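> On the provided structure of chain G, position chains D, F and R as indicated by the hints.
4 protein chains.
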Amino acid sequence: MIAKRTDLASEAHQLWREAAGETTKLAGVRAETVNENGFAVETVSILDEAGEAALGKPKGTYISIDIAPLMSREEGAFARAAELLSRRLQKLLAINDGETVLVCGLGNSAITPDNIGPDAVKNVLATRHLVERMPEDFAAFRPVAVVEAGVLGTTGVESAEIVRAVAEKVKPAAIIAIDALAARRMARICRTLQLSDTGIVPGSGVGNARSELSEKTLGVPVIAIGVPTVVDAATLAADLMEQAGVGESEPADLARFGGEMVVTPREIDTQVAQCARLIAYGINMALHNITADDVTMLIN
Amino acid sequence: MIAKRTDLASEAHQLWREAAGETTKLAGVRAETVNENGFAVETVSILDEAGEAALGKPKGTYISIDIAPLMSREEGAFARAAELLSRRLQKLLAINDGETVLVCGLGNSAITPDNIGPDAVKNVLATRHLVERMPEDFAAFRPVAVVEAGVLGTTGVESAEIVRAVAEKVKPAAIIAIDALAARRMARICRTLQLSDTGIVPGSGVGNARSELSEKTLGVPVIAIGVPTVVDAATLAADLMEQAGVGESEPADLARFGGEMVVTPREIDTQVAQCARLIAYGINMALHNITADDVTMLIN
Amino acid sequence: MIAKRTDLASEAHQLWREAAGETTKLAGVRAETVNENGFAVETVSILDEAGEAALGKPKGTYISIDIAPLMSREEGAFARAAELLSRRLQKLLAINDGETVLVCGLGNSAITPDNIGPDAVKNVLATRHLVERMPEDFAAFRPVAVVEAGVLGTTGVESAEIVRAVAEKVKPAAIIAIDALAARRMARICRTLQLSDTGIVPGSGVGNARSELSEKTLGVPVIAIGVPTVVDAATLAADLMEQAGVGESEPADLARFGGEMVVTPREIDTQVAQCARLIAYGINMALHNITADDVTMLIN
Amino acid sequence: MIAKRTDLASEAHQLWREAAGETTKLAGVRAETVNENGFAVETVSILDEAGEAALGKPKGTYISIDIAPLMSREEGAFARAAELLSRRLQKLLAINDGETVLVCGLGNSAITPDNIGPDAVKNVLATRHLVERMPEDFAAFRPVAVVEAGVLGTTGVESAEIVRAVAEKVKPAAIIAIDALAARRMARICRTLQLSDTGIVPGSGVGNARSELSEKTLGVPVIAIGVPTVVDAATLAADLMEQAGVGESEPADLARFGGEMVVTPREIDTQVAQCARLIAYGINMALHNITADDVTMLIN
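Residue numbers (my numbering), protein chains in the order written: chain G, 10 to 309; chain D, 10 to 309; chain F, 10 to 309; chain R, 10 to 309.
So here's chain G without its partners, still in its complex pose:
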């Protein structure tokens, strides 16, 4: 059988409802959708172990923003999305002025759909050294440290180990981890931005503590920000077969490419760059209480 995975709580919830019937009530999960700054924002709260089991994700709050208007270049969409992300991020972070934040870019910068994290942190303002050395000049800024954690295959070290090592030096009050995600449905690719207070648990609940980035393993709150950039080709195929009522048998051509082939937008390079820029703006605005125009002036 092919593993069918989504990193998005809102999609997991949607798939659950599709399977169970729209009227069924899912115990341990609360979901609501509002419109904010012109974007649909869905909050899925997993409240207890029943909710964890149903959606296959740990307890916590998952906010998903439908960024389709941004991708279709609606006028003003970027500034509105950045402002919305910034506001929601501040609420999740719940830290005091002056407390240090560590921002981590996860993923392999040499693989385009995996480059969201590394690309985003290029534009996150590092201010920790400035606040430390010139406290008066930088009184308006929070100390922020930035690390690109690399991937096991090119560093030989789990990215969670790198983050933990740096966190022990920097002693942040909170960590923000940015990563590319996987979705189940093509409609989600580069169209949903997810924010959560649960950290990043690759393989959801599989319990590989070495690779988990969470409050449990790092000792401080970990806010995860991600955008799905691919659907696994095998997942897509299995879903299609299921929709067609053909059952679970795996098409021959797919069996050979499990995990190796992905479905992704033709314009993935541009779309990853846009998502990374949005995330960087949202983070900079949230951490330093500044406007999008301030960010433009500071990073370009």
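Hint data in this document are derived by calculation from the structure and do not stem from the laboratory. Among the hints, a few may not be true.
You can't tell identical chains apart in this list, so a pair holds if it fits in one copy or across any two.
[Stated by the list, open to error] Mimicking SDA-like on lysine to any residue, the simulated pairs with C-alpha atoms at most 20 Å apart in a straight line are:
(1) 178 <-> 162
(2) 180 <-> 48
(3) 131 <-> 303
(4) 180 <-> 160
(5) 34 <-> 59
(6) 34 <-> 147
(7) 178 <-> 225
Predicted model, so just to flag it, every value in this text is computed and none were measured.
Coordinates of chains D, F and R only, in the frame set by chain G:
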């Protein structure tokens, strides 16, 4: 109905046989496979209009090299593949020493799977100016001009128009055009290199003369070199449905992404770079009668 | 003797005055400086052959904008500079609505200080195909074609030949050519943007018609936009020797590196990117009569 | 007065001799040059505090390889240089089979002349996770971890702090640190590769322990590998003035650009890439006892 397209003559032939039954004889087409330098090399010759109609491609010779051993990093595979490509290219070119060749990289360098042509020409040696100005020092070299033709969306000019414009100045005896291709089956992606003497006819036979790069439109033989880097996601889905016996009805999720979503290897960045390097080596070796080691010394 | 070259008319004028004494009147040249949008804008008009001989540049208008405020990230400087460049460019272009413009990026994209032209054209909107095919939807836009002309060393074809070839197809009413320039003084590097209506004449008046991009060789007005990104190291050294009154004898260490070593800002990568972005914005705003915000929405 | 700095012990030694006269004996320093694999290899050993004071560098062994033949593309030069670097590196490392090594790329990847370290580590094989998880399959390999330490300005954390943090997790028997260096003379730029067993002490002896990467601060031997990629423009100017006998007064144009302008090869992008590739090959060959051909197969 979803258009199901392959740019590979060998795959078109294979699909025809799968549909018609292996024992059926296809009129107007001759195919043979040999092993050369450790690679399977299949030559499909389309001989007449019956062959053109059956395979949906113009008359001519199509050579496809199975480069899977290269991708799985078999020892020595790169040098053997470059030497094979070089020899086959020389045979197709059939030009005299000292005659000028124009090498064109097609495709959008900002879209990874489309970057084969632009990436390859970065390593093709341009010698036309050297041979012209220092004929004695460069007596061993053929005059070669290189152009990256861009794409309509970013230049506002058909790439064929750019190539024709440059060809009118350079007056080559032959043109080599490098482009990313589309395949029907995932097994082909970054695993088949196709060489043909028919030029490049995007949309096969649709007759958009403005975008056709061929002897008919450019006045000199056009050798095309390409590697498929994607399968259209809609094509994949339609094929799966067909295999499952569900017929042609289009899955809802796909209808919205026709042409926009592609299936591609997770490691497409690396694989495109490797294919582009192979093509550049093969071209340099063929045009100047030099070894892979000579190329390494000249381009690095 | 070391050749001491500047591509900037305003600098050539300044050097002339330094040598001749500030009170001397230079025949055949008129210069004036105004403040516009918060930038010093100097116009040097070379009126006749006497002026040509004195400054070593062809007759015409040379506008130089002091972009130092942009580089020191003064608030709002980017938008003010883009608007200023756009207005001055429109005045020099003097073409009618609906007439086609060809924009050319010159220089070697693999050499950072030479990458101004190639980097700028990445963000110039190509609209020729859109206006042609969907005239009603794009009625507000001028047809613009964009070409990256490459360099002789990597294409084997003079960039002027490429531009001429494309111009013969596109038949523009005017050409804009973007290139990196050389200055004599470090203070000019990435601090002066020059606009001129004389085209680009590499080697000023040396008369290499093959490499000249001008109305004389291309048949339509050629507006040149450039920013100096390097000072030749030998030029710097010779100037220093002269200032120190040591005369023209060439320091031993320099003799070996003539033309090979350049003086450039440590942060040249960022500064080239900023200049290229400014030029792209100015061109887009001028050609389509749009605002900086429109450009942001269209290119990002 | 302008600080005139070189990171190269062989150059410091040469400058000392030029000042003191060739026949003078320098106490506390031993130097010898041999020819190896076709390259001049100079070893400068600083033996005591007198040597430290004279050359402004800490005690230890500094090996400089004249890589000019590589840059002028002499046939076979790359393979010979990699083999030489590998052999010398093994001698300096003096560790046992199976012991872990941490390889660090220092410098800012967004500034071309500073990109030697980050570019080199892209091609250093990370094997620590493989040796740990599949010890039998990777018995022939040493555990190697790789980290790109970033720079203070973009991370907010001293690169030495990052390296120390990772070293505490990885517990290597030795660290290799790769960095771009500064030279005094243009003839050295991208022409000398320096290996030393003293670690990297930016600002030589200034005693900024936070930024020092050495056995003293990290607890294990630190081998430094570097190539000078720039000469400070102010240093060049001061040297020229001195050579011309004009003394130490600083030219006006320079005073404004101290530290901001550098002298660098026009082709710095290519030359940095070549040096980085050489360093990666040398390290891979030394750490795993493999050949250049093995490395080619493993990293491409």
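> Each hint: holds or not?
Verification of the hints:
Taking the shortest alpha-carbon separations for residue 178 and residue 162, only the inter-copy value of 17 Å comes in at or below 20 Å, while the best intra-copy value is 24 Å. For the homomeric pair residue 180 and residue 48, neither the shortest alpha-carbon distance inside one copy (35 Å) nor that between copies (45 Å) is at most 20 Å. Taking CA atoms no more than 20 Å apart as the test, residue 131 paired with residue 303 passes inside one copy only; the shortest distance there is 17 Å, against 25 Å between copies. Taking the shortest alpha-carbon separations for residue 180 and residue 160, only the inter-copy value of 19 Å comes in at or below 20 Å, while the best intra-copy value is 22 Å.
For a Cα distance limit of 20 Å, the shortest separation of residue 34 from residue 59 inside one copy, 12 Å, qualifies, whereas the shortest one across copies, 62 Å, does not. Taking identical chains as interchangeable, the C-alpha atoms of residue 34 and residue 147 are never at most 20 Å apart, the minima being 51 Å within one chain and 51 Å between chains. In this homomeric assembly, residue 178 and residue 225 come within 20 Å of each other (Cα to Cα) both inside a single copy, at 18 Å, and across copies, at 18 Å.
Going down the numbered hints, you'll see the structure goes against 2, 6, while the others check out.
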